[in-house]
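**Student:** Protein chains in written order, with this note's numbering: chain A, 1 to 484; chain B, 485 to 675; chain C, 676 to 1074.
The set of hints was computed from the structure by calculation and includes no laboratory data.
Just so you know, these numbers come straight off a predicted model, no measurement behind them.
Incorrect hints may have been included.
Calculated Cβ distances over 10 Å to all of chain B for the following chain C residues [claimed, not checked]:
1. Thr719
2. Glu840
3. Gln911
4. Met988
5. Pro1024
6. Ser1070
In silico DSSO-like cross-links for lysine-lysine, where the CA-CA straight-line distance does not exceed 30 Å [stated by the list, open to error]:
7. Lys962/C with Lys112/A
8. Lys289/A with Lys368/A
9. Lys962/C with Lys582/B
10. Lys112/A with Lys539/B
11. Lys582/B with Lys112/A
12. Lys200/A with Lys615/B
13. Lys539/B with Lys647/B
14. Lys928/C with Lys539/B
Some chain B residues well away from chain A (every beta-carbon gap over 10 Å; in silico) [claimed, not checked]:
15. Gly522
16. Gly556
17. Gly661
Where a beta carbon is used, it is the ideal one built from N, C-alpha and C, also for glycine.
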Amino acid sequence: MMEVADNVSHEPVAGRAPLVLGRPTFHSITEAVARPAESATPIMWWLLLLPSLGMLSILGVSVGWLVWEGIGVWGLNQPVGWAFDITNFVFWIGIGHAGTLISAVLFLFRQKWRTSINRAAEAMTIFAVMCALLFPGIHIGRPWLAYWMAPLPNQMGTWPGFRSPLLWDFFAVSTYGTVSALFWYVGLIPDLATMRDRAKTQARRIAYGIFALGWRGSARNWQHYEMAYLILAGLATPLVLSVHSIVSMDFAVAQLPGWHTTIFPPYFVAGAIFSGFAMVVTLMVITRKALGLEHIVTLLHFDRMARIMLTTGSIVGYAYSMEFFIAWFSQNPYEQFTFINRAFGPYWWAYWTMITCNVLSPQVFWFKKARSSMVVHFIVSIFINIGMWFERFVIIVTSLHRDFLPSSWGMFYPTMWDFGLLIGSFGLFFTMFLLFIRFLPVIAAAEVKSVLPAADPHHDAHHADDLAHEVTRVSPHLAPKGAH
Amino acid sequence: MPGFLPPFFPEGEHFGLLAEYDSPGALFHACEKVRDAGYSKWDAHSPFPIHGIEKAMGIGRSRLPYVTLVCGLTGVIGGMALQLWANGIAYPMIISGKPFFNWQPYVPITFECGILLAALSTVFGMFAFNKLPMHFHPLFGVERFEKVTDDGFFISVEAWDPKFDAAATERLLASTGATNVQLVPRRGATS
Amino acid sequence: MSAGHAVTVDPAQHSGKALGRLTGIGAVLGVIGLGASLALAGGTKQFYFSWLVAYMYFLSIALGALFFVLVHTVTRAAWGVTLRRVVENVMATLPVFALLFVPIWLGRHEIYEWMHAEAAAHNPIIQGKAAFLNEGFWFTRAIFYFVAWSVLATWFSTQSQKQDETGEERISARLRGAAPIGIVLFALTTTFATIDWMMSLEPMWYSTMIGVYFFSGAVVAILSFTLLLVHFAYAQGALRGVVTVEHLQDVAKLLFGFTIFWAYIAFSQYFLIWYANIPEETIYYMKRQVGSWQSAGMMLALGHFLVPFFFLMPRAVKRQSALLIVMAIWQLLMHFLDLHWCIMPNLHPEGMKLGLTDVAAFAAVGGIFLAALGWVSSRRALVPLRDPRLPESLSFENV
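Using the sequences and the hints given, assemble the complete structure.
**Tutor:** Okay, structure coming up:
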């Protein structure tokens, strides 16, 4: 995969590497981002959509059969009352967190490179939250009574048990879904206006125009808009920390060995960011190639994402070591057994998959060659997500299946309906993502334009030429293939 | 502000003048000139926010944070109050030996309610401050203006500004380095 | 933020001698403190515990500085280059903490009950931990921490100083390559130092969060301390115009963020233990709800979190020197209360007994720390004169 030019092999020590390759103009960015949504549907899109719809229909059937027959169609039993359902829930919520991190936290840290990936990542968050919300909804046994979780006055005079972590989940995840959707939509408004102004048919103009709210790029509007964006970023940051902390509390407030660990909240948050970035990488490796956006989602972006995965993966590794050490240190025989059982008990294969995928595989990113290779990124990101799924499985199932009383010990074996829901949730996710890239601008074009050097009002044309030459100067051995 | 109704602007034949520029720098410097000339009912338009343009236009910071703060605190207090009342007074239950009134397990939901209200108020407050949606702004009737979401930079001066004079304002705008200045008719065309 | 701003930094005006005054102040404080604490309580448990609190306090500031420098380096940040040297100087005091550890080493049997043979003899749980909690291994680990911290601190600060002379870009790349390893070492050594010196005060108790807890307090402490140091430098005629209100605002933003982070970590640990209500774990908080420890704890929640949270929220406050100094001092006091509340209930279970020995020990450790800080600072410029990112940092402006 030869790149046109390269902004990552020789990053300058002073000054910054360009974030968009070639000689970008504002118009070229608009064109690159809007074109995929305006052109005819490529065959590749249909080839990816059909299997996704297939998986989505598996979801429909699995959910339908579950609601009809009951939770017994799953492999759940006593003692393992939670398995795939909650594993999938935590898995999907975790994936969603990267989008918020990219949008909000990287914004607060003034990381301009986020502008090429934040739109897709935020969309991914919303779809991941949709997939996640499915599971608590259907696992309660009588999903038609799910509204009992809301504090609605009723004829029985009852109220939800606010002291329960499951209820905290309800509030946290719905708040998270709402705020993520709002953040994503607010970010979309200027780009929807772009799509509206470029629309060739009346139908498109109205469709994009309604949601563009009449945006006209007014500086007075931008001022309030930027303030809202900053505030939302400032709110979303503690929100993302709190949501996965609250999800971790589903386990940590229990008395179960392997669950009751004080480090769970930050450990889960780090793990969520880890798996979320892995999913962003998986999606963007394909998307940038398919939509011709390699000059905007560049090697530098993948370099940064690799570093973040390495960091969060290391935090997860730190948490594994702390859990293990303290389990020994506590001299609590139940804690000690839990960890031995994880590594050497009946589910040892899940544990070692987790360790290999989460701790070992991201270590390749210490090497620059790995960080610059799309193949490595694609493979490792998938491994990471496999590992993170297994991490939740290991935490939930191994702690439940053998706890305090040996006479209560049991085993969990998934049924086809467990797998059906897992596969089906991927179907929902990919279908939504494919629809997103078909109809909406995948990159936050207005934001990318604003981080170009030319966007600075005090930047002169003279300087622009210097920077254009710098692109070739930093990598003279990679001559740019044709002008943009 | 309902955007599906035409915006309520004062009477007059024209909406105002629209000047076009070819770079953020040109727009920035033009804004300074228009600000210094004493205009108040005018605006700059760009495809992305331009760093520092508030100062160039002489407008202050947005007051949105106050809205967020008040609504966020309301959410926090409301969330805590709801839980204390529902689980402590309305239908107290003994759950794992915890006291009827405690604050510790109520922190997560309190926090979430605060964030939810803060975020909702921020977004809808921003819409209110921006008077969005406004689908039928007169500027949409100008074809050149479509570039504003691509790579066009504009200044619009509204006709009911006290200092507005079709000829004088046009001369001022031309002198700021505009590549094109034109009059904008009253009613904006629909899409 | 356009580069190529032709602002030069005058090495004479921004020489490290500006902080050199701290050497004298620190030496005097240190000697007085040492004398007073020995006179008041020399050789008693009170002396050793007071010293331990003071030691962990100033250690947290120095380790926080190490963290700041490492992260600033690895993220290729430019905003903080003008104040990075000040923080490096704090980091460079880490070797002195090996010396300051001597009283703790001498009083180890007074401080750590697990070191007594009788304690272990009747307690199978402590016996079980003996592979880790034994004097020899404990001491070896301490040596390892000091070596790791000294090597990291010295290497990073001397390389940075070398760049002042040669201006080589290669040095920045070298530091950036080494920083991640430094971070891993930092995480492990800080965690186990916290376990060894703080958590083992209560050998039956444990928490996987304890390392993160200490770390979060340390970052709040170093950010506050940096604010004070910068203003001290201003008062000596240095750093004005170089470290501007923009940089201070960024430090204040980080202080705001990490205050919230500390509260989040502290609450997480407390809440999970509260909710599960397992006596083996709740004993920690039960001890801290006795008598005046209860009010101290509430004071911590209010003072270390709520007050700074609302105080530091407005943008204008983050740009006002006087207000920042007030908040920095406040947070440093609260950080002391935090460590005192963590450590002292093991000596004074009936209630908080802040006394002259605490003050004297604080002065002793703090004085020696300040003297070391003044000494390392005076040997180099107060600004990384030829860091390639210095121009970008000098012209940095917040939106």
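**Student:** None of the hints should be skipped; say for each whether it holds.
**Tutor:** Going down the list of hints, with the structure as the test:
1. Thr719: Non-interface label on Thr719/C holds, nearest chain B Cβ at 38 Å vs cutoff 10 Å.
2. Glu840: At roughly 36 Å from the nearest Cβ of chain B, Glu840/C sits farther out than 10 Å, so the non-interface label holds.
3. Gln911: holds, 34 Å
4. Met988: Violated, because the least Cβ-Cβ distance between Met988/C and chain B comes to about 8 Å, which does not exceed 10 Å.
5. Pro1024: holds, 23 Å
6. Ser1070: holds, 13 Å
7. Lys962/C with Lys112/A: Violated. Lys962/C to Lys112/A sits at ~48 Å, over the 30 Å cutoff.
8. Lys289/A with Lys368/A: holds, 21 Å
9. Lys962/C with Lys582/B: Measuring from Cα to Cα gives roughly 19 Å; hence the hint holds.
10. Lys112/A with Lys539/B: Holds, because 23 Å separates the two Cα atoms, which is no more than 30 Å.
11. Lys582/B with Lys112/A: Status violated; Cα separation ~48 Å.
12. Lys200/A with Lys615/B: Status holds; Cα separation ~27 Å.
13. Lys539/B with Lys647/B: holds, 20 Å
14. Lys928/C with Lys539/B: holds, 23 Å
15. Gly522: Its Cβ never comes within 10 Å of chain A, the nearest being 17 Å, so this holds.
16. Gly556: It is violated; Gly556/B is separated from chain A by about 8 Å at its closest Cβ, not greater than 10 Å.
17. Gly661: Non-interface label stands for Gly661/B: nearest chain A Cβ at 13 Å, farther than 10 Å.
The structure shown violates the earlier hints numbered 4, 7, 11, 16.
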